[in-house]
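The task is simple: from the sequences and hints, build the whole structure.
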Amino acid sequence: MPKDGGIGSSPKRREDIRFLTGTGRYSDDINLHGQAYAHFVRSDVAHGRILSIGTEAAMAMPGVIRVFTARDFEGAGGIPCGWQITSRDGSVMQEPKHPILAEGKVRHVGDPIAVVVAETLAQARDAGEALEIEIEDLPAVIDMRSALAEDAPLVHEDLSSNLCYDWGFVEENREATDRAIREAAHVTTLELVNNRLVANPMEPRVAVGDYAAHSDESTLYTTSQNPHVIRLLMGAFVLNIPEHKLRVVAPDVGGGFGAKIFHYAEEAFCTFAAKALRRPVKWTSSRSEAFMSDAHGRDHVTRIELALDADNNFTALRTETLANMGAYLSTFAPSIPTWLHGTLMAGNYRTPLVYVNVKAVFTNTVPVDAYRGAGRPEATFQLERVIDKAARELGVDPIALRRQNFITEFPYQTPVAVQYDTGDYHATMDKLLEISDHAGFEDRAADSRARGKLRGFGISHYIEACGIAPSNLVGQLGARAGLYESATVRVNATGGLVVMTGSHSHGQGHETTFAQVISDMIGIDADMVEIVHGDTARTPMGMGTYGSRSIAVGGSAMVRAAEKVIAKAKKIAAHLMEAADSDIELADGRFTVAGTDKSVAWGDVTLAAYVPHNYPLEDIEPGLEETAFYDPANFTFPSGAYGCEVELDPDTGEVTVLGFTAADDFGNVINPMIVEGQVHGGLAQGIGQALMENCAYDENGQLISASYMDYAMPRAADLPMFRVDHSCVTPCTHNPLGVKGCGEAGAIGSPPALVNAVLDALHRGGHRVDHIDMPLTPARVWTAMQG
Amino acid sequence: MHKVSMTVNGRPVSGEVEGRTLLVDFLRVNLRLTGTHVGCDTSQCGACTVHMDDQPVKACSVLALDAEGADIATIEGMANADGSLSTIQQAFQDYHGLQCGFCTPGMVMAAAALLRETPRPTEAEVREYLDGNICRCTGYHNIVKAIMAASGQEVVPVAAE
Ligand code: FES
Ligand code: FES
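Heads up: the protein sequence lines correspond to chains A and B, in order.
To convert, note that position 679 of the first sequence is 679 in UniProt numbering; the numbers rise steadily by one, no gaps.
To convert, note that position 135 of the second sequence is 135 in UniProt numbering; the numbers rise steadily by one, no gaps.
Hints are computed from structural coordinates only; laboratory data are not their basis.
All C-beta atoms, glycine included, are put in the ideal place defined by N, C-alpha and C.
Heads up, a few of these hints could be off.
[Claimed, not checked] Partial selection, computed: residues in chain B whose CB lies under 10 Å from chain A:
id: 1; residue: 39
id: 2; residue: 41
id: 3; residue: 42
id: 4; residue: 45
id: 5; residue: 62
id: 6; residue: 63
id: 7; residue: 88
id: 8; residue: 96
id: 9; residue: 102
id: 10; residue: 136
[As the list claims (entries may be wrong)] Straight-line alpha carbon distances no greater than 25 Å define the calculated SDA-like cross-link-like pairs of lysine to any residue that follow:
id: 11; chain 1: A; residue 1: 12; chain 2: B; residue 2: 65
id: 12; chain 1: A; residue 1: 389; chain 2: A; residue 2: 449
id: 13; chain 1: A; residue 1: 3; chain 2: B; residue 2: 90
id: 14; chain 1: A; residue 1: 359; chain 2: A; residue 2: 90
id: 15; chain 1: A; residue 1: 12; chain 2: B; residue 2: 157
id: 16; chain 1: A; residue 1: 12; chain 2: B; residue 2: 93
id: 17; chain 1: A; residue 1: 12; chain 2: B; residue 2: 87
[Claimed, not checked] Quick look at which bits of chain A chain B covers, simulated, 3 or more residues with Cβ under 8 Å:
id: 18; segment: 26-39
id: 19; segment: 683-692
Take a look at the structure:
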């Protein structure tokens, strides 16, 4: 039994109180004295040459303080990209400049052209209407295949083509893979689209810039998952502000899902303008603006081939993907279709040969970057879809085919660079079948049939790489920065302590879970532990929260710092009790001399650390505060089996999700309640992708789905109650907590399970449909049924 | 500019607004009641839900001037008189019905309106009622549970399913 409030228990979240009473402090709740409001004027065409920007009329409007255009940013850097990918031919990727405001050309609908700063938001908007912007339309490239055509218009004229890179992985495997596919007993081929999505955290992005002339210090309040990363990128590469003159604060953040990782133009603008105007400048995104300025996700077009021998063993896998980068390279963009996708292509299977080719393409669309799962959903989707198709072609059970090819021995070195440390895929599959009542499915299907409906069951078994860090590894993979994490543990004189973490919580509940870990380690009440995050002035340099790295990397850093604190506290305790350091034990908030009844309380030791009368100054420095940086040896590898049960109305093509079951192996779990909540949210997003969400452009590059009227967000009535389980545990072997991370699993594992379920239902109804591209709207399903 | 007066969480308030000022901006900007959120510009997300004369409304779709004389309740007024969480708020915490907290004020206000209309809703009724409130974090699972629990119905405890 876990200790109440400790690791493995589910104490209520302490952050909830402020969110439930309206006292949270999100960026838009921050209003600084004398602030002005920024309104971005954005391109309404996908591609065009800016002929002129007339600002005079706008400047004369009431309340207008200044109008900014690209000219104001001469000398500032472009928005940098954090990864560099090398193409198969050894050349580095093509990397265009990404200016803060459009220079000469606009390259997607939503590309910012000018900014009006005024006394009120309404005045800024009114003046925005009065700007006279002349743009000559240029032909736009939207579709990736046409963007790669010889005579395609160039998104960036200073690049040789619209190809960003052509990446092969692992290049040495290519010939052997080709040969194995040629010689296979059976090859299953599938072409599919991983639909473009918009992350849509419910809180739109916000940036508030402030400048203190007396200290020459700039402060940016922003909706970020990683304030230190923003400080580094914006300070060093865009605005030339040294870290000691720049503070970035990400207060309460209303969801991120990837879209708030990246450094955005609006952040640099508000920081810059606040200094230029000597007054705070605030920008709050409208939802419509968010659709055309938040980085989008997914958007891959893939052809995958799975080769099997005569006994149905997987012998080789080859996949070719076109990945949309949009008009500019967002912060992590090049890494998503490569290192977060290619390295996962082995899945849970013993396929000896895997070859991945990715061509990244510039188009006149919003930049595409990480969205929950980032690359891993794309890998899992194609793999778990092609396996189902192979099973159908071979007339075997898709579960049995997976089981036959499961990796069962660990550590397992995949042919795509990564090494899985632990896992037990049969266990999660067993668990799934048990809790989804798979055995009763045929009866339920018969019941549906009797009602004129088609019922289907689909599964997927995913693996993901989490705890995005190993600095050395990501460096080899093209990251321009290492990705460790940090924490400072500061113990106060009366025994309470503050953990300052480089991780950032925007819904994950770190203030609760991180405190649980510390409370367990020391044996003090979690209420004595304060978790501080999201402010570069208060936390050590850290890389933030994404890729399910918070507890695995950030939590590990915190454990290391706490271990240092405890080691020092033991020395002080030893001094107080006149015993040897090595004899001191800490349990339940008391230091004891082993084998004696001598003890001192945690609070006595912490008091002695700061305000001692008698202190061994020559041996120990006063104070009790330690910092640790943690860089893991490997990624973590959560995995799990997902099952989806759907009912389909053959008259309309409408799909109803009747049940969704997730059996995950997350390693050790700190707070089951929070972990389950993460899975629920991921499932909703994955089901949303599979069933309804789609970010659509027309051929001219107009964004068709630009509001909640046309981008279908899953609502409560679209989803069932979920069955989730995390009782299958193979702890991670290389971090101190044995944790793997749970943030993205739901979004990774669910789309293929849902699509497999719909195809199962169709086949049961006699419709021989091989594949339907997501989202599986009634129209698409019905059309597929008509043959 | 026009003068507008109303009661917010039992307190009489007034302020100067433009004809186009929305109720949500009057609450957030003029009154600094920032618990009511704005998540969209098409009246779809429900983050701005407040009660106006005991009816749930989307404060982004009501002009401040149209709330003249009205009785407005926002998330800031939902706790019990002694400051403790109300039954609905407490159920959201107990059942982990919130993650980032951004949709939460709107969800709580919607839930309160639902339970006033339908004291013991079915799961389907809860889901149906929340049609105008989007949450991107929770998958609604725990929100639905919290509302069912707040209505006094038995639900499976958190993290034991
Ligand atoms: S802000 Fe009112 S419905 Fe979205
Ligand atoms: S809790 Fe984040 S949107 Fe609902």
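Now for the hints, and whether the structure bears them out:
1. 39: holds (5 Å)
2. 41: holds (5 Å)
3. 42: holds (5 Å)
4. 45: holds (6 Å)
5. 62: violated (17 Å)
6. 63: Since the shortest Cβ distance to chain A is 13 Å, the answer is violated.
7. 88: holds (9 Å)
8. 96: holds (5 Å)
9. 102: Constraint on residue 102(B) satisfied, holds at 3 Å.
10. 136: For residue 136(B), the interface hint holds, since the closest Cβ of chain A sits about 5 Å away, which is under 10 Å.
11. 12(A) with 65(B): This hinted pair is violated, its Cα atoms lying about 40 Å apart.
12. 389(A) with 449(A): Holds. Residue 389(A) to residue 449(A) sits at ~24 Å (cutoff 25 Å).
13. 3(A) with 90(B): Holds, at roughly 23 Å.
14. 359(A) with 90(A): Status holds; Cα separation ~14 Å.
15. 12(A) with 157(B): Since the Cα atoms of residue 12(A) and residue 157(B) sit roughly 12 Å apart, the hinted pair holds (cutoff 25 Å).
16. 12(A) with 93(B): Given that 25 Å is the threshold and the Cα spacing comes to 7 Å, the pair holds.
17. 12(A) with 87(B): holds (15 Å)
18. 26-39: This one holds; 4 residues, not fewer than the three required, reach chain B with a Cβ under 8 Å.
19. 683-692: With 3 residues close enough to chain B, the hint holds.
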